[in-house]
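Colleague: Line by line, the protein sequences are chains B and Y. Using my numbering, the first residue of the first sequence is number 116, and each one after it goes up by one. Using my numbering, the first residue of the second sequence is number 180, and each one after it goes up by one.
Since the hints were derived computationally from the structure, they do not count as laboratory data. Among these hints, one or two may not hold up.
[Unchecked claim] In silico DSS-like pairs for lysine-lysine, Cα to Cα no more than 25 Å straight-line:
1. Y:436 x Y:482
2. Y:276 x B:205
3. B:205 x Y:593
4. Y:436 x B:129
5. Y:482 x B:129
6. Y:439 x B:149
7. B:185 x Y:264
8. B:208 x Y:520
9. Y:524 x B:125
10. Y:276 x B:159
11. Y:520 x B:159
12. Y:439 x Y:569
13. Y:574 x Y:273
14. B:175 x Y:276
15. Y:439 x B:129
16. B:142 x Y:273
17. B:125 x Y:273
18. B:121 x Y:520
What you are looking at is a predicted structure, and each value in this text was computed from that prediction instead of being measured.
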Amino acid sequence: MGRISKDDVKHVAKLAELEIGQKEIEKITSQLDKILDYVAEVSKVDTEGITPISHILDIKNVLREDVPKKSITQESALENAPDEVDSGFKVPKID
Amino acid sequence: METYYLTAHQLRDKLKKKEISCSEITKSSYRRIEEVEDKVNSFIRLEKESALLKAKEVDALIASGGSVEDLTGIPVAVKDNICTKNITTTCASKILKNYVPVYNASVIEKLESRNYILLGKSNMDEFAMGSSSENSHFGPVRNPWDVNRVPGGSSGGPAAAVAAGEAICALGSDTGGSIRQPASLCGIVGLKPTYGMVSRYGLVAFASSLDQIGPLARDVEDCALMLNVICGHDENDSTSINKEIPDYRSFLKPDIKDLKIGVPSELMVEGIDGEVKEKILKVISMAEDMGAEVEEISIPSLKHALSVYYIIAPSEASSNLSRFDGVRYGYRNTEARTLRKMYRKSRAEGFGDEVKRRIMIGTYCLSAGYYDEYYEKARRVRTLIINDFKKAFSKFDVLLSPTSPTTAFKIGEKTEDPLTMYLSDICTIPVNLAGLPAISIPAGLSKDGLPIGVQVIGNVLREDNILRVAYSLEKAIGFNDRPGL
């Protein structure tokens, strides 16, 4: 125990937009602590002068001609909407 | 006549010679599904009605002189994180339980152009996060070799379906071993192509820099012919490689005489089961007998692969899965009165425990104050791993290792301890970090009658080498056991 506290877990849950019940906090804290403790071993690796990578391919920004193409219709974009109004997605009051 | 245990290339030949119809093939596969699906639970959804209709269409096409190509009329299972137009695609999650894609993944378009038969959508670990296919909203998948054991994961459904004879072949996805590890535990062949060879358009994203779609089948030849169909550039995927696709079947030669095979010692020691090790050593001596040069090699940075993966994959996942907010699609909690509460409750109720755990780890690793220590550091060590692989491939054509450190474990055995579960990916994860192609083929059975798999890893874009070695070893090993289901 010690890498992550219950307060940290509550903070991270807020950032991740996840509601976590009081009862779960304890269990999650101890599981995350164990996992983070394991993966933190990377901090001991000497990476002096090593460039961090995010993709294995030498990828460049891919551009295409600015020609309009067919895309899905507004109707089908709304097909999976939990709630809709006036051809838009309806959500509860924004707080 | 039952055809469910034949391969796609055998069935293609029979269809060509008009010895059998596509309807007969499809009906046989569904008969098998009815027989064993209760025991394995490898499907989330079956598409029997539309499949039989499609089979009739294909038969009419063939009768009127239409050509029989690879996968024409072949019953295929598709992992449920690959979007199928107008057919529910759930990712085995409550949050997408009723999600019906309005478009096909690019791989599905490619299969459809060959007139394949979609049997149904396969069960899996929720959002492909897991190594046992126990993390499914639709119940765990069971291993056809022993239904009290896991089939591996996350493509446990596709692997179990192919092993049990429910599907001729299947499409899965592999982020840290999710095709190869279940293939190994179920005694079939699974291949993860070079990152960028198969379009990810329409694959629900888990970790975008690691995810890759690939085939699961009962032999190496079927994997090669599936690659022929699914590989290729796609403008809808900005990471798609724009290169000419070879005929992958042309590499299926039982000859490895001039090849150099490296055996990374880091993948052969810690935690590897004695029986697994023994089998791999036997395969190594077979390779030597065929004239390959085999040598042990040390790749020190592989020791850190698991840590790097469990920082990078959850980080990418936490970002990718932020789209599930109950606004545009998926599950929504309808009691929350404000937007934020709706987000939090929908996500809390819609995601399972493992998915939440990874979102939390990823969010933490990317959060202010920890980003440099975890995410940035992991990306640097990932560079080291890639460099080390490059060095290894300057000396060797392929690398060989176990696919999984153990045979299939018992259902429930590792669910309480996530870290122990993570360790079952130790041999497969390094491959994804470096974007390499790799294949798992059956090496034989343990004393308990459980399959053991051997992994062949190739350099970037060297699918030719792994297919050649896998095909040669497959012939030498001669594995033809079937689960007694």
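Colleague: Which of the numbered hints above does this structure break?
Modeller: 1, 3, 4, 5, 6, 10, 11, 13, 14 and 15
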